[in-house]
Amino acid sequence: MPTSADQIVVNSLFKQFHDSEYPGENVDEVFERYAVTQVLKPNEVSADELNEGIVDGDKDGGVDSFFVFLDGTLISPDDPRLNPGDPSLTAIRQNPHLEIFLVQSKNTESWEEAAWEHLLSSLPNLLDVTIDDLFLQTLYRPSVIERTGIVRKAIKSLGPKFPQVTFNVAYVTRALESNITPTIVARGDQVVKAVESRLTFGAKVNALHVGARELYRLAAIDPSKPGVLKFRSLVRENDSYLGVVAIKDYLTFIRSDDGNLREELFEANVRDFEGDNSVNDAILKTLAGADDIEFWWLNNGVTVICDRADSPQNTVTVSGPLIVNGLQTSHVLDRAEKEGKLASPRLDNGIVVRVVVSTDEDIRDRIIAGTNRQTQVPGPALFATQPLQSEIERFLAVHEWYYERRKNRYKNQRMPAKRRISMRLLAQALITLNLGQPDVARARPFTLLADEQGYSKVFPDDLDISAYLVAVHVVKGVDEFLASEEAKNIFDGYTNARFYVAAGYSMISLKLKKIEDLRFGLNFRRLKYPLSQVGLINAIQILADTAASYQKSNPKVAVDGMFKSSDFRSKYFAAIADHNLT
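The opening residue of the sequence shown carries number 2 in the numbering used here; numbering runs sequentially from there.
No wet-lab data here; the hints were simulated from the structure. Check each hint, because a few of them may be wrong.
[Said to hold, decoys possible] List of simulated lysine-lysine pairs, BS3-like, C-alpha gap at most 25 Å:
#, residue 1, residue 2
1, Lys60, Lys107
2, Lys515, Lys477
3, Lys514, Lys529
4, Lys231, Lys249
5, Lys42, Lys16
6, Lys557, Lys16
7, Lys515, Lys572
8, Lys286, Lys249
9, Lys419, Lys489
10, Lys512, Lys572
11, Lys515, Lys529
12, Lys154, Lys557
13, Lys529, Lys489
14, Lys107, Lys42
15, Lys194, Lys60
16, Lys154, Lys60
17, Lys60, Lys231
18, Lys477, Lys419
19, Lys194, Lys205
20, Lys16, Lys342
21, Lys339, Lys286
22, Lys42, Lys339
23, Lys477, Lys489
24, Lys162, Lys339
25, Lys342, Lys286
26, Lys512, Lys477
27, Lys107, Lys489
28, Lys60, Lys514
29, Lys529, Lys557
30, Lys572, Lys557
31, Lys514, Lys458
32, Lys162, Lys286
33, Lys419, Lys529
34, Lys60, Lys557
[Claimed, not checked] Derived Cβ-Cβ restraints for the label pairs, each shown as a range:
#, residue 1, residue 2, range
35, Ile222, Glu453, 38 to 46 Å
36, Arg527, Gln414, 28 to 36 Å
37, Ser554, Glu453, 36 to 44 Å
38, Asp259, Ala344, 21 to 29 Å
39, Asp258, Pro556, 47 to 55 Å
Every residue gets a Cβ at the ideal spot worked out from N, C-alpha and C, and that includes glycine.
Assemble the whole structure, with the sequences as input and the hints as a guide.
Dropping the structure here:
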C-alpha cells in the first residue's frame, strides 16, 4: 500500500498511462515502459523504438532496457556511424555527446540489492570491447548483446572524435527514496566503478535511484510544452508571423530548462544534423567573429509551424512548435554557444524566424516540402509529405489505426500505442510482404527509403490502398502472438522473429512454395484477420528449427548477424516451402 502522497500520485499517473497507452496489457510490462518514458525525458521515443529498446527476459543480465543517443538522436544497432571508417562519420562534430541509458525497472514499493548485483556481474562483460558476440551469446540473450553492442561499437567508431560520454544506470521502482539503505547505495557505486573501467577516459557514469519522488518530478516534465519567441521586430499576417529574434532569445526557445537542446522541436525536419560540413563551418566562422555584419543578413533563417500562437506585442507563445527548416542553424548556434565559439556581441545579433499557424496536415506537408527544396533532401521525412502518405493516414484512421507519418503525432493525441503505426513499421511490413525481404526489414529498413527509386519500391503507386491495412493487420497480429507465452516457449526473440514470422505465416496461409509467389499486391485480400493461430505456430516453429540448424552449420555467425543475412532468409523460406509440400 502507498504510504506517501508522492506514491499515491505516481500510482495514479501510472494508471492513467496504463489505461491510455496500453489498456489491458500486463501491468509489470507496462510499468517497464512507463519507467523508460520517464527516465528518458526530455528525449522522446516512439512506441516502436521503445519496444526495440526493451530487452528483458531470460538471460538479460539485469538489463531491462537500453537506449543510446548521439547528440540527442537515438542510435539503432545498425546505424552506419557505428562502423569505423564509414563516410557518415565525417559529418559528426568533434566531442559529440554520447548518452547511454540503462534502465532496470521493478513494479514494487521496495528496493532490492539484487537489482544492482545482477548488473555488477554482467556489465563488465557487456561493455568489454575486446569480447566478441559469439562468446557473449553463451551468457546473454541476443537482444541484450545487440543493444549493448551499440556502445561497444561506438567506442571504436567514435574514438577519433573524442566523444563526451554519459552513462546513466537507472534503477526505477515505486518505493520511497527515504528507504534506500547504505548497502544499496554502495552497490550502485560499485556498478559505477565497473562501468567506468570499461569506458573511455573522462566518461561520466551515474547510478540513479528513481523512486516515487523522482517519478513524480519527472512526470511534471512536458517535452511538448509551448515555446516563447521574443521578437525584436515583428510583422503579423493571417495566422503567420515574421520577424527578427535575438540569438540569445532564440537559444532560450530551442532549449529546455536544463539547457539541453529540445530535440522534439526538430521531429518534422527532413534533415538530420549534418555536423562538420562546409555550410555549418561557415556559420561557425561567422558566429566566432565580431564584425558589424548582422548574423541574419547572412542566414536564411528558421521556419516554425505550430498548432496555436498567442502574440501580445512582440512576444509570441507557440503551442506545439515544430522547426521544419533551420535544423542546421539551430544546432550550430547551440553548439557554438556551449563550446565558447560564439562571440559575445553575436548574442544580440538577430535571426529571421517565420511562424506559421496551421493544424491542416496538407498545408503542413506543403510548408515542409516547400521550405526544403533548396538542396536535395533524401530520406523518409520528406517522403512523409507526399500525397500517398497522407492518403494512407486517412484510410488507416477510418479503421482506427493511427499512422504517424511524423513521430509521436498521435501519441500526443493520446491514441493507444497498440493502435499507432510509425512510417518505419509500415515500411518494414511492406519490405517483408511486398518485397519478401524480412532480413532487410529487420536491419536496414530506411536504406530503401534513401532515394526516390527505393521509396517507390516500398510504396508503389499502383498498390491498392487496402493492402496497407492488411500489412498492418499481419504485422500487428504477429506482434500480439510473439508476446504470448506459447510463442516465447518456442522462440523467445521478438526483434529477430517478427518479420520472418510475418513472411512465413503469409507463405503458409497461401500455401506457397516460393516467396516470390506471394505477390502481395494481388493476393493481400487472401490474408484474413484475425490471423490463424496454427499458421503462426507453424511459422515460428520452423523459424526456431531453421535458426538452430543454421547456427550448428555456421558456429562463427552471431545470432543477430544470422537474422540479418540473406542466406538465412533463403533457408527459412526453403523450410517453409518444404512444410507446404507436406
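Evaluation of the provided hints:
Our distance criterion of 25 Å between C-alpha atoms is met by Lys60 and Lys107, whose separation comes to about 17 Å. With a CA separation close to 23 Å, the supplied pair Lys515 and Lys477 stays within the 25 Å bound. Taken as a hint, the Lys514 and Lys529 pair is honoured in the structure, with Cα atoms around 19 Å apart against an allowance of 25 Å. About 10 Å separates the Cα atoms of Lys231 and Lys249, which keeps this hinted pair within 25 Å; it holds.
As the CA atoms of Lys42 and Lys16 are separated by approximately 19 Å, the hinted pair is consistent with the 25 Å bound. Distance check on the hinted pair: Lys557 and Lys16 sit about 46 Å apart at the alpha-carbon level, beyond 25 Å; violated. Restraint check for Lys515 and Lys572: the C-alpha separation of about 11 Å stays at or below 25 Å, so the hint holds. Pair hint Lys286 plus Lys249 holds up; C-alpha atoms about 18 Å apart against a cutoff of 25 Å.
The hinted pair formed by Lys419 and Lys489 meets the criterion: a straight-line CA distance of about 19 Å does not exceed 25 Å. For the proposed pair Lys512 and Lys572, the alpha carbon gap of about 17 Å is at most 25 Å, so the pair holds. A threshold of 25 Å between alpha carbons decides the hint, and for Lys515 with Lys529 the separation of about 20 Å falls inside it, so the pair holds. Proximity of Lys154 to Lys557 is assessed by CA-CA distance (about 19 Å); at most 25 Å being required, the pair is judged to hold.
At most 25 Å may separate the alpha-carbon atoms for a hinted pair to count; Lys529 and Lys489 meet this at roughly 24 Å. This hinted pair checks out: Lys107 and Lys42 have alpha carbons roughly 19 Å apart, not beyond 25 Å. For the given pair, Lys194 sits about 23 Å from Lys60 by alpha-carbon distance, which is consistent with the 25 Å threshold. Our distance criterion of 25 Å between C-alpha atoms is met by Lys154 and Lys60, whose separation comes to about 22 Å.
Simply put, Lys60 and Lys231 have alpha-carbon atoms about 53 Å apart, too far for the 25 Å limit, and the pair is violated. Taking the CA atoms of Lys477 and Lys419, the gap is near 8 Å; set against the 25 Å cutoff, the hint holds. The suggested pairing of Lys194 with Lys205 holds, with an alpha-carbon distance near 10 Å, which does not exceed 25 Å. Our distance criterion of 25 Å between C-alpha atoms is broken by Lys16 and Lys342, whose separation comes to about 47 Å.
The hinted pair formed by Lys339 and Lys286 meets the criterion: a straight-line CA distance of about 15 Å does not exceed 25 Å. Distance restraint check for Lys42 and Lys339: the Cα-Cα separation of roughly 21 Å lies within the 25 Å cut-off, and the hinted pair is therefore satisfied. Straight-line distance between C-alpha atoms of Lys477 and Lys489 comes to about 16 Å, which keeps the hinted pair within the 25 Å bound. Between the alpha carbons of Lys162 and Lys339 the distance comes to roughly 17 Å, so the proposed pair stays at or under 25 Å and holds.
Pair hint Lys342 plus Lys286 holds up; C-alpha atoms about 9 Å apart against a cutoff of 25 Å. With a C-alpha separation of about 21 Å, the suggested pair Lys512 and Lys477 falls inside the 25 Å cut-off, and the hint holds. Annotation: proposed proximity of Lys107 to Lys489 holds, straight-line Cα distance about 21 Å (limit 25 Å). This hinted pair does not check out: Lys60 and Lys514 have alpha carbons roughly 36 Å apart, beyond 25 Å.
Straight-line distance between C-alpha atoms of Lys529 and Lys557 comes to about 40 Å, which puts the hinted pair past the 25 Å bound. Proposed proximity of Lys572 and Lys557 is supported: the alpha carbons are some 17 Å apart, at most 25 Å. For the proposed pair Lys514 and Lys458, the alpha carbon gap of about 23 Å is at most 25 Å, so the pair holds. Simply put, Lys162 and Lys286 have alpha-carbon atoms about 20 Å apart, close enough for the 25 Å limit, and the pair holds.
Between Lys419 and Lys529 the alpha-carbon distance is near 19 Å, which keeps this suggested pair within the 25 Å criterion. Taken as a hint, the Lys60 and Lys557 pair is honoured in the structure, with Cα atoms around 21 Å apart against an allowance of 25 Å. A beta carbon spacing of about 39 Å between Ile222 and Glu453 agrees with the range 38 to 46 Å that was offered as a hint. Between Arg527 and Gln414 the Cβ separation comes to about 34 Å, which falls inside the hinted range of 28 to 36 Å.
Distance hint check for Ser554 and Glu453: the Cβ-Cβ separation is about 40 Å, which falls inside the suggested range of 36 to 44 Å. Take Asp259 and Ala344: their Cβ atoms lie about 25 Å apart, and the range 21 to 29 Å holds. At about 52 Å, the beta-carbon gap between Asp258 and Pro556 stays in the expected band of 47 to 55 Å.
The structure does not agree with the numbered hints 6, 17, 20, 28, 29 stated previously, though it agrees with the rest.
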